[in-house]
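Number of protein chains: 2
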Amino acid sequence: MKYGVAVFPSKKLQDLANSYRKRYDTKYAKVPPHITLKEPFELNDDRKLEEVVLSIRKVAENASPFQLKVIKYSTFYPTTNTIYMKVEETKELFDLHHQLNSGSLNFVQEHSFVPHITVGQDMMYDEMQDVIGRLKMEKISHEETIDRFSLLYQLDDGTWTTYETFLIGK
Amino acid sequence: MKYGVAVFPSKKLQDLANSYRKRYDTKYAKVPPHITLKEPFELNDDRKLEEVVLSIRKVAENASPFQLKVIKYSTFYPTTNTIYMKVEETKELFDLHHQLNSGSLNFVQEHSFVPHITVGQDMMYDEMQDVIGRLKMEKISHEETIDRFSLLYQLDDGTWTTYETFLIGK
Numbered sequence: 242m243k244y245g246v247a248v249f250p251s252k253k254l255q256d257l258a259n260s261y262r263k264r265y266d267t268k269y270a271k272v273p274p275h276i277t278l279k280e281p282f283e284l285n286d287d288r289k290l291e292e293v294v295l296s297i298r299k300v301a302e303n304a305s306p307f308q309l310k311v312i313k314y315s316t317f318y319p320t321t322n323t324i325y326m327k328v329e330e331t332k333e334l335f336d337l338h339h340q341l342n343s344g345s346l347n348f349v350q351e352h353s354f355v356p357h358i359t360v361g362q363d364m365m366y367d368e369m370q371d372v373i374g375r376l377k378m379e380k381i382s383h384e385e386t387i388d389r390f391s392l393l394y395q396l397d398d399g400t401w402t403t404y405e406t407f408l409i410g411k
Numbered sequence: 242m243k244y245g246v247a248v249f250p251s252k253k254l255q256d257l258a259n260s261y262r263k264r265y266d267t268k269y270a271k272v273p274p275h276i277t278l279k280e281p282f283e284l285n286d287d288r289k290l291e292e293v294v295l296s297i298r299k300v301a302e303n304a305s306p307f308q309l310k311v312i313k314y315s316t317f318y319p320t321t322n323t324i325y326m327k328v329e330e331t332k333e334l335f336d337l338h339h340q341l342n343s344g345s346l347n348f349v350q351e352h353s354f355v356p357h358i359t360v361g362q363d364m365m366y367d368e369m370q371d372v373i374g375r376l377k378m379e380k381i382s383h384e385e386t387i388d389r390f391s392l393l394y395q396l397d398d399g400t401w402t403t404y405e406t407f408l409i410g411k
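Protein chains in written order, with this note's numbering: chain A, 242 to 411; chain B, 242 to 411.
Just chain A, same shape as in the assembly (with noise of 0.2 Å):
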């Protein structure tokens, strides 16, 4: 069973990122708008699960509540035909990705830590040129604080469903 750790913004950023995830994210179905903390990691074992909880529990609650900033859109071309926006590198937010990564929760980690919520991807490359080209200048300057995160698994369709949430230094 595939489990992940993301954290789910607030309604007016999830709306926004919805208006372009509906038409140019084949994955807009399956998630809300998120940034992923934990890629996604295979657990087949209750009791593993449970020692999976457990840690992710002290990692929140030694964790602060921190501010989400999101300064622009950008892209993960060549790499992916992927748009996202981009969320600002703060020492809170990668401190809280390095606990949710390391010790007892160090699993396989594909990429490094680029803070990110996808707005489109799998895209053809002249749609996702000229939709990044009217992206980028449109101003986009949103803040909020952030003190929950979500712990995840995937049904067989390849949607999510939260399994847990945790209250950050709580």
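Where hints are given, some of them may not hold.
[Unchecked claim] Some chain B residues well away from chain A (every beta-carbon gap over 12 Å; in silico):
{"no.": "1", "residue": "S296"}
{"no.": "2", "residue": "K299"}
{"no.": "3", "residue": "N303"}
{"no.": "4", "residue": "I312"}
{"no.": "5", "residue": "T320"}
{"no.": "6", "residue": "H338"}
{"no.": "7", "residue": "G344"}
{"no.": "8", "residue": "S353"}
{"no.": "9", "residue": "Q362"}
{"no.": "10", "residue": "Q370"}
{"no.": "11", "residue": "M378"}
{"no.": "12", "residue": "G410"}
[Stated by the list, open to error] Beta-carbon label-pair distances, calculated as ranges:
{"no.": "13", "chain 1": "B", "residue 1": "K377", "chain 2": "A", "residue 2": "F335", "range": "53 to 59 Å"}
{"no.": "14", "chain 1": "B", "residue 1": "T331", "chain 2": "A", "residue 2": "K377", "range": "53 to 59 Å"}
{"no.": "15", "chain 1": "B", "residue 1": "K253", "chain 2": "A", "residue 2": "T321", "range": "29 to 35 Å"}
{"no.": "16", "chain 1": "B", "residue 1": "T331", "chain 2": "A", "residue 2": "M365", "range": "49 to 55 Å"}
{"no.": "17", "chain 1": "A", "residue 1": "S345", "chain 2": "B", "residue 2": "D397", "range": "36 to 42 Å"}
{"no.": "18", "chain 1": "A", "residue 1": "H339", "chain 2": "B", "residue 2": "E292", "range": "32 to 38 Å"}
{"no.": "19", "chain 1": "B", "residue 1": "S345", "chain 2": "A", "residue 2": "Y366", "range": "51 to 57 Å"}
{"no.": "20", "chain 1": "B", "residue 1": "E302", "chain 2": "A", "residue 2": "Y366", "range": "52 to 58 Å"}
{"no.": "21", "chain 1": "B", "residue 1": "R288", "chain 2": "A", "residue 2": "S345", "range": "36 to 42 Å"}
{"no.": "22", "chain 1": "A", "residue 1": "N303", "chain 2": "B", "residue 2": "T331", "range": "37 to 43 Å"}
{"no.": "23", "chain 1": "A", "residue 1": "E291", "chain 2": "B", "residue 2": "T331", "range": "22 to 28 Å"}
{"no.": "24", "chain 1": "A", "residue 1": "L284", "chain 2": "B", "residue 2": "S305", "range": "23 to 29 Å"}
If you are wondering where the hints come from, they were derived from the structure by calculation, not from laboratory data.
Ideal placement from N, C-alpha and C gives every residue a C-beta, glycine not left out.
Please arrange chain B on chain A, whose structure you already have, making use of the hints.
Relative to the frame of chain A, chain B by itself:
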């Protein structure tokens, strides 16, 4: 902003429900398979949300994990052309539902409580009759322990995001 409270059952039961939902449920992509414990309600004020969360947390703390038993498929016809998995009406489940809809949580409640997991809705009459006819002959006997439920909020596109999970009896 619209909120609701629901139980998400195990991946196994969700996968089974989704095998029908993807064909017969118009809300398939809006929310994972669930049992509604509190019908959607409006909250527009952050302070009010905090009060509601505190009340729900108290309900969760004072409740006990319960057995979820799915016993057969049924339909709300002629009220609506909906097909659902019927959930056994246990005292624990009714108590939890009652607590989540009384006192400071007593908002409008439209329907009497029939615990269920919807697998088809807004169906054409003929197709509904055909599908429920087949499902009535299927053996379904699933049981699991429910130890958590979720407070969700709705985005502009109709999808639901989990705001917080509550561990029952913790």
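Each hint, compared with the structure:
Every CB of chain A is more than 12 Å from the CB of S296/B (nearest about 16 Å), matching its label as outside the interface. Every CB of chain A lies more than 12 Å from the CB of K299/B, the least distance being 16 Å, so the non-interface label holds. At roughly 19 Å, the least C-beta separation between N303/B and chain A is larger than 12 Å, which holds for a residue marked as non-interface. Every Cβ of chain A is farther than 12 Å from the Cβ of I312/B; the closest lies at roughly 23 Å, confirming the non-interface assignment.
For T320/B, the requirement that its beta carbon stay farther than 12 Å from each beta carbon of chain A is met, with the minimum near 28 Å. Listed as outside the interface, H338/B is consistent with that label: its C-beta sits roughly 21 Å from the nearest C-beta of chain A, beyond the 12 Å cut-off. Every Cβ of chain A is farther than 12 Å from the Cβ of G344/B; the closest lies at roughly 24 Å, confirming the non-interface assignment. No beta-carbon of chain A comes within 12 Å of the beta-carbon of S353/B; the shortest separation is about 27 Å.
Look at Q362/B: its CB is around 17 Å from the nearest CB on chain A, clear of 12 Å, so calling it non-interface holds up. Non-interface status of Q370/B relative to chain A is upheld: no Cβ of that chain comes within 12 Å, the nearest being about 26 Å off. In this structure M378/B is separated from chain A by more than 12 Å, as the shortest Cβ-Cβ distance comes to about 24 Å. Here G410/B stays apart from chain A, with its beta-carbon at least about 15 Å from theirs, past the 12 Å limit.
For K377/B and F335/A, the Cβ-Cβ distance of about 55 Å falls inside the hinted range of 53 to 59 Å, so the restraint holds. Distance hint check for T331/B and K377/A: the Cβ-Cβ separation is about 56 Å, which falls inside the suggested range of 53 to 59 Å. Checked against the hint of 29 to 35 Å, the pair K253/B and T321/A passes, with Cβ atoms roughly 33 Å apart. The given range of 49 to 55 Å is respected by T331/B and M365/A, whose C-beta atoms sit roughly 52 Å from each other.
In this structure the hint that S345/A and D397/B lie 36 to 42 Å apart at CB holds, the actual value being about 39 Å. In this structure the hint that H339/A and E292/B lie 32 to 38 Å apart at CB holds, the actual value being about 35 Å. Here the CB-CB span from S345/B to Y366/A is close to 55 Å, well matched to the stated 51 to 57 Å. Between E302/B and Y366/A the beta carbons are some 54 Å apart, a value that agrees with the proposed interval 52 to 58 Å.
Evaluation of the 36 to 42 Å hint for R288/B and S345/A yields a pass: the beta carbon distance comes to about 38 Å. The hinted window of 37 to 43 Å between N303/A and T331/B holds, with their beta carbons roughly 39 Å apart. Taking 22 to 28 Å as the suggested C-beta distance range, the pair E291/A and T331/B conforms, at roughly 25 Å. Checked against the hint of 23 to 29 Å, the pair L284/A and S305/B passes, with Cβ atoms roughly 26 Å apart.
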